[in-house]
Amino acid sequence: MRLPLEGIKIADFSWVIVGPYCTQWLAVMGAEVIRIESSRHLDILRRLPPFAEGVEGFNRSGLYNSVNMSKKSCTLNLDDPRGAELAKKIVEISDVVVEQYSYGTMERWGLGYDSLRELKPELILVSSSGMGRSGPEQDFSAYNEEFLAYSGLALLTGYENGPPVMTGSVWADYQTGLNLTIAILTALYHRTKTGEGQFIDIAMIESVMSQMIEPIMDYVMNGRVRGPMGNLEDALSPHGCYPCSGHDEWVAIAVTNDNEWLALCSAAGKPEWAVDKRFASLFERWRNRSELDQLISEWTKQYTNQELTEILQRAGVPSGPKLSNEEVVEDPHLNSRGFFVTPDHPETGKLAVPGIPWKLSTTPAKIEPAPLLGQDNEYVFCELLGMSIENFAELVGEGIIL
Amino acid sequence: MRKMNEKVALSGLKVLEYADSISGPYCARLLGDLGAEVIKIDRPGSGDSARQRGPFLGDVPGLERSGLFMALNTNKLGGTINIRNPEGLVIFKKLVEWADVLIQNRSIRAMEELNLDYDRLKALNPRLIMTSITPFGQTGPYKDRIGTDLVICQMSGMGHMTPDRVANPQENPPLRLGGNQSDFLAGTTATVATMFAVLAREVNGSGQHVDVSELEALASFMRIEMCAYTHDPYGFYQRYAKRNPTGYGAVGYTPCKDGFVALGCREEYQWRAFMEEVLGPEWTKDKRIEGIFPDPEKWDMYALLAHWDTVRPIVEKWSMQYTRGEIYRIARMRNIPLAPCNSIPDLFASEHLAAREYFVEVDHPVGRLPYPGAPFKLSVTPWTIRRPAPRLGEHTEEILCGILGYSSEEVARLKESGAI
Chain W
1 MRLPLEGIKI ADFSWVIVGP YCTQWLAVMG AEVIRIESSR HLDILRRLPP FAEGVEGFNR
61 SGLYNSVNMS KKSCTLNLDD PRGAELAKKI VEISDVVVEQ YSYGTMERWG LGYDSLRELK
121 PELILVSSSG MGRSGPEQDF SAYNEEFLAY SGLALLTGYE NGPPVMTGSV WADYQTGLNL
181 TIAILTALYH RTKTGEGQFI DIAMIESVMS QMIEPIMDYV MNGRVRGPMG NLEDALSPHG
241 CYPCSGHDEW VAIAVTNDNE WLALCSAAGK PEWAVDKRFA SLFERWRNRS ELDQLISEWT
301 KQYTNQELTE ILQRAGVPSG PKLSNEEVVE DPHLNSRGFF VTPDHPETGK LAVPGIPWKL
361 STTPAKIEPA PLLGQDNEYV FCELLGMSIE NFAELVGEGI IL
Chain D
1 MRKMNEKVAL SGLKVLEYAD SISGPYCARL LGDLGAEVIK IDRPGSGDSA RQRGPFLGDV
61 PGLERSGLFM ALNTNKLGGT INIRNPEGLV IFKKLVEWAD VLIQNRSIRA MEELNLDYDR
121 LKALNPRLIM TSITPFGQTG PYKDRIGTDL VICQMSGMGH MTPDRVANPQ ENPPLRLGGN
181 QSDFLAGTTA TVATMFAVLA REVNGSGQHV DVSELEALAS FMRIEMCAYT HDPYGFYQRY
241 AKRNPTGYGA VGYTPCKDGF VALGCREEYQ WRAFMEEVLG PEWTKDKRIE GIFPDPEKWD
301 MYALLAHWDT VRPIVEKWSM QYTRGEIYRI ARMRNIPLAP CNSIPDLFAS EHLAAREYFV
361 EVDHPVGRLP YPGAPFKLSV TPWTIRRPAP RLGEHTEEIL CGILGYSSEE VARLKESGAI
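Those protein sequences? They're chains W and D, same order as listed.
FYI, the working numbering numbers position 3 of the first sequence as 3, with every residue one higher than the one before it.
FYI, the working numbering numbers position 418 of the second sequence as 418, with every residue one higher than the one before it.
If you are wondering where the hints come from, they were derived from the structure by calculation, not from laboratory data.
Hints are not guaranteed to be accurate.
[What the hints assert, rightly or not] From chain W, some residues computed to sit far from chain D (all C-beta separations above 10 Å): (1) W25; (2) K89; (3) R108; (4) E118; (5) K120; (6) F140; (7) N231; (8) S266; (9) E298; (10) Y303; (11) P343; (12) K366; (13) I367; (14) D376; (15) G397.
[To be verified] With a straight-line Cα cutoff of 25 Å, these simulated PhoX-like cross-link-like pairs (lysine-lysine) come out: (16) K94/D to K143/D; (17) K298/D to K317/D; (18) K301/W to K270/W; (19) K7/D to K120/W; (20) K193/W to K120/W; (21) K7/D to K193/W; (22) K366/W to K9/W; (23) K9/W to K120/W; (24) K317/D to K193/W.
[Claimed, not checked] Chain W stretches covered by chain D per the calculated footprint, using a threshold of three residues with CB under 8 Å from any CB of chain D: (25) 42-54; (26) 166-178; (27) 186-198; (28) 273-281; (29) 327-340.
Glycine is no exception: its CB is placed at the ideal position from the N, C-alpha and C atoms.
Take these sequences, add in the hints, and give me the full structure.
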């Protein structure tokens with residue numbers, strides 16, 4: 001079986017996480033993704049930890065190497081007109097262009113959509129930014145937590161009535177990267193049917209907001225302004241993380257109906273809870289949730305989170321342990337599904353990185369290591385663009401290819 | 001709502017949804033919003049469980065009053081078909097033959113009990129793409145476990161890092177993101193995977209089974225955290241650590257006069273501009289930051305991380321003088337990553353979002369309301385809402401007669417028998 005994107009070329013001017021997380025999926029599904037990088041303005045991911053063996057180096061970043069698998073890397077000085085000209089040539093042989101620079105940068109290099117569309121009408125040009133490519137605040141650029149703040153998700157995350165908290169992950173980046181992938185695949189589908197290219201404008205704030213249906217609809221319908229709710233889920237109890245016997249050990253329990261509640265009572269060996277008037281219905285449990293949480297905590301404290309998960313899952317109660325980064329990497333389930341992959345990176349070797357969050361039965365992914373900075377310069381400029389070795393050496397010498 | 005005749009990208013793609021709650025319906029909705037023709041199978045009687053979940057219009061519960069359901073099910077035809085009835089099952093199988101894509105999020109056991117596993121459905125329709133979304137995926141030791149948004153957040157490593165640091169890990173529980181984000185994320189991830197399968201079918205001519213695990217969808221977002229453990233000998237994150245390695249530079253939320261703002265200086269030029277605002281142009285010589293940086297002229301992220309507890313009150317003192325709006329103005333003027341923590345009403349008041357026409361008004365029998373809009377803008381084949389969420393059983397006849405060719409007598413008989 002052929003991979004779905006075999007024969008598709010992507011000129012990837014993006015960096016950090018949003019664009020690379022998206023183009024990594026295009027690459028593992030068969031596209032030839034060429035990252036256009038610069039050793040003068042290094043991708044910030046190449047400069048940030050975690051590094052392999054804790055040793056800093058721009059080919060050693062775990063994050064970079066886990067969002068750039070199966071791609072190629074060339075390096076260009078786009079501030080020089082000859083560099084920008086070469087970038088245009090890469091665009092000419094590409095099907096999709098992905099860019100993520102701050103406001104007006106692509107235009108400054110002569111690589112704005114209008115000029116590229118003239119160059120190649122069937123091109124799909126993707127412009128990824130925090131605020132989008134229109135509107136009065138389009139010039140504002142920032143990072144994950146600013147866009148979580150702007151989109152409203154920050155004020156929905158934290159302890160009940162508490163301040164916003166920093167969360168795990170780089171949510172806004174990854175989530176936008178996924179939506180970007182949907183947008184590109186949709187545009188490619190349309191192009192296979194009609195031959196038409198198009199312009200894709202994705203804003204991180206809007207991508208994040210599109211998944212905030214519950215709080216937005218609550219405001220629209222009832223004028224209610226939700227705040228952070230901790231682990232509470234409206235009208236459900238017990239619903240939360242409960243302490244276990246070990247240090248910093250927690251179990252998540254999420255009872256969603258009466259059957260699960262009764263199953264919990266019997267699994268915990270507490271038939272008295274099942275007949276307690278305070279907990280007789282969803283509504284009563286919600287109203288008396290502090291007392292209920294107290295009772296459940298006293299029970300959970302006697303066991304480890306793995307023991308509790310066993311007991312509760314056997315009884316049919318949604319539950320699971322809080323896992324640290326170490327425990328997730330060692331988790332038997334994720335490992336049995338081959339979630340982590342170990343591409344043989346030329347500089348860092350076979351270090352495990354998270355793999356692909358889906359499994360396709362007949363077209364599994366092609367996993368290759370992330371590229372070293374500029375490792376494919378000769379291939380891109382000489383082989384793909386037909387540059388002579390002499391000319392190539394000259395441009396390297398002059399710092400155009402750098 | 002947009003015009004009916006606008007060009008849509010996925011026109012002609014036929015999607016059958018046999019799913020409940022958030023993940024599956026959200027996936028089918030994303031495909032529908034891009035132009036696919038979606039048929040949703042609602043359970044006869046009470047329908048999709050999202051119909052019984054709030055928010056409800058005016059806080060009055062009702063099967064046609066859930067805002068969650070309404071926004072998750074635009075652009076779908078909805079029919080009530082009882083799959084546990086033998087004749088209902090026949091109808092379902094006919095719809096499987098009609099469909100290009102089946103989106104389902106039932107448990108593995110439930111699908112097997114109905115003999116609706118992929119191999120059997122493939123025999124009915126070899127070009128079928130079947131997307132199965134479950135908490136833990138179709139294989140592996142946890143495949144039959146029950147999970148919810150909260151459970152998945154905790155098992156993915158997200159909870160361990162949310163908040164990124166706590167005073168007392170025995171007292172302060174790990175959290176999740178607001179608004180059931182991992183359920184939605186499973187739907188978004190399933191849409192990506194389904195689109196790959198659709199394009200693969202264009203190339204190879206055959207369908208396939210798409211296995212999406214909600215746990216993996218979220219674990220895939222924990223790349224820094226997991227690579228820290230696999231790459232760095234000191235990469236085990238403690239919840240009470242002074243500062244975990246995910247903290248890059250001056251990053252976090254700080255209070256101001258009327259709420260909070262986010263701060264995210266990661267580059268030297270940003271830090272310099274910010275410090276000039278906070279401490280003035282002579283900031284490198286300022287007593288308040290004495291001893292923090294070995295050389296204040298030089299950007300030193302690690303020194304800043306190590307002394308964040310000293311720097312933080314200085315930042316807070318500054319931010320407390322201003323409103324969110326004032327700080328955002330400074331941020332835009334000086335190119336500093338600082339942004340207001342908005343609440344939902346702020347989004348509706350945002351001139352920027354209004355200029356981009358983010359929210360879309362949708363007519364539903366209970367009223368015309370603005371919904372969250374497109375996650376991205378496609379210039380030629382825009383995202384569109386062409387019809388509101390179906391009322392329970394609204395299109396049962398249309399689906400049976402219009403699409404499957406049943407006669408109205410047959411439909412009447414199927415109603416009698418309880419198949420529909």
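Comparing the hints with the structure gives:
1. A cut-off of 10 Å between C-beta atoms contradicts the statement that W25/W is not in contact with chain D; the least separation is 7 Å.
2. For K89/W, the condition that its CB be more than 10 Å from all CB atoms of chain D holds, with the nearest at approximately 24 Å.
3. Listed as a non-interface residue, R108/W keeps its Cβ farther than 10 Å from every Cβ of chain D; the least gap is roughly 16 Å.
4. With a cut of 10 Å on Cβ distances, E118/W stays outside the contact zone with chain D, its closest approach being about 15 Å.
5. The claim that K120/W is not at the interface with chain D holds, since no C-beta of that chain comes within 10 Å of its own (minimum 15 Å).
6. Consistency note on F140/W: stated as away from chain D, yet its beta-carbon is not over 10 Å from all of that chain's, at 5 Å minimum.
7. With a closest Cβ-Cβ approach of about 6 Å to chain D, N231/W is found to fall inside the 10 Å limit, against its non-interface label.
8. The Cβ of S266/W sits about 16 Å from the closest Cβ of chain D, beyond the 10 Å cut-off, so the non-interface label holds.
9. The claim that E298/W lies off the interface holds: its Cβ sits roughly 15 Å from the closest Cβ of chain D, which is beyond the 10 Å cut-off.
10. Every Cβ of chain D is farther than 10 Å from the Cβ of Y303/W; the closest lies at roughly 16 Å, confirming the non-interface assignment.
11. Against chain D, the non-interface label of P343/W holds: every CB pair exceeds 10 Å, the least being about 12 Å.
12. No Cβ of chain D approaches the Cβ of K366/W within 10 Å, the least distance being about 12 Å, so the stated non-interface status holds.
13. For I367/W, the non-interface assignment is confirmed: its Cβ lies about 14 Å from the closest Cβ of chain D, beyond the 10 Å cut-off.
14. Taking the minimum C-beta to C-beta distance to chain D, about 23 Å, the non-interface status of D376/W holds against the 10 Å cut.
15. Even its closest Cβ contact with chain D, about 30 Å, leaves G397/W beyond 10 Å, as expected for a residue assigned away from the interface.
16. A hinted pair counts as satisfied when its Cα atoms are at most 25 Å apart, and K94/D with K143/D does not qualify at roughly 29 Å.
17. Proposed proximity of K298/D and K317/D is supported: the alpha carbons are some 24 Å apart, at most 25 Å.
18. Among the hinted pairs, K301/W with K270/W is consistent with the structure: their alpha-carbon atoms are about 15 Å apart, no more than 25 Å.
19. Under the criterion of a C-alpha separation no larger than 25 Å, the hint pairing K7/D with K120/W is consistent with the structure, at around 21 Å.
20. In summary, the hint linking K193/W to K120/W is supported, as the alpha carbons are separated by about 18 Å, within the 25 Å threshold.
21. Simply put, K7/D and K193/W have alpha-carbon atoms about 12 Å apart, close enough for the 25 Å limit, and the pair holds.
22. Taking the CA atoms of K366/W and K9/W, the gap is about 15 Å. The hint holds against a cut of 25 Å.
23. This hinted pair checks out: K9/W and K120/W have alpha carbons roughly 14 Å apart, not beyond 25 Å.
24. The suggested pairing of K317/D with K193/W is violated, with an alpha-carbon distance near 58 Å, which exceeds 25 Å.
25. Against chain D, the region 42-54 of chain W contributes 8 residues with a C-beta closer than 8 Å to a partner C-beta. That satisfies the three-residue criterion, and the hint holds.
26. Interface restraint, the region 166-178 of chain W with chain D: holds (9 residues with C-beta to C-beta distance below 8 Å; minimum three).
27. For the region 186-198 of chain W, the proposed coverage by chain D is satisfied: 9 residues have a C-beta within less than 8 Å of a C-beta in that chain, meeting the threshold of three.
28. Here's how the region 273-281 of chain W fares: 0 of its residues keep a CB closer than 8 Å to some CB of chain D, so the rule of at least three is not met and the hint is violated.
29. Closer than 8 Å: that is the beta-carbon criterion, and the region 327-340 of chain W has 11 residues meeting it against chain D, so the requirement of 3 holds.
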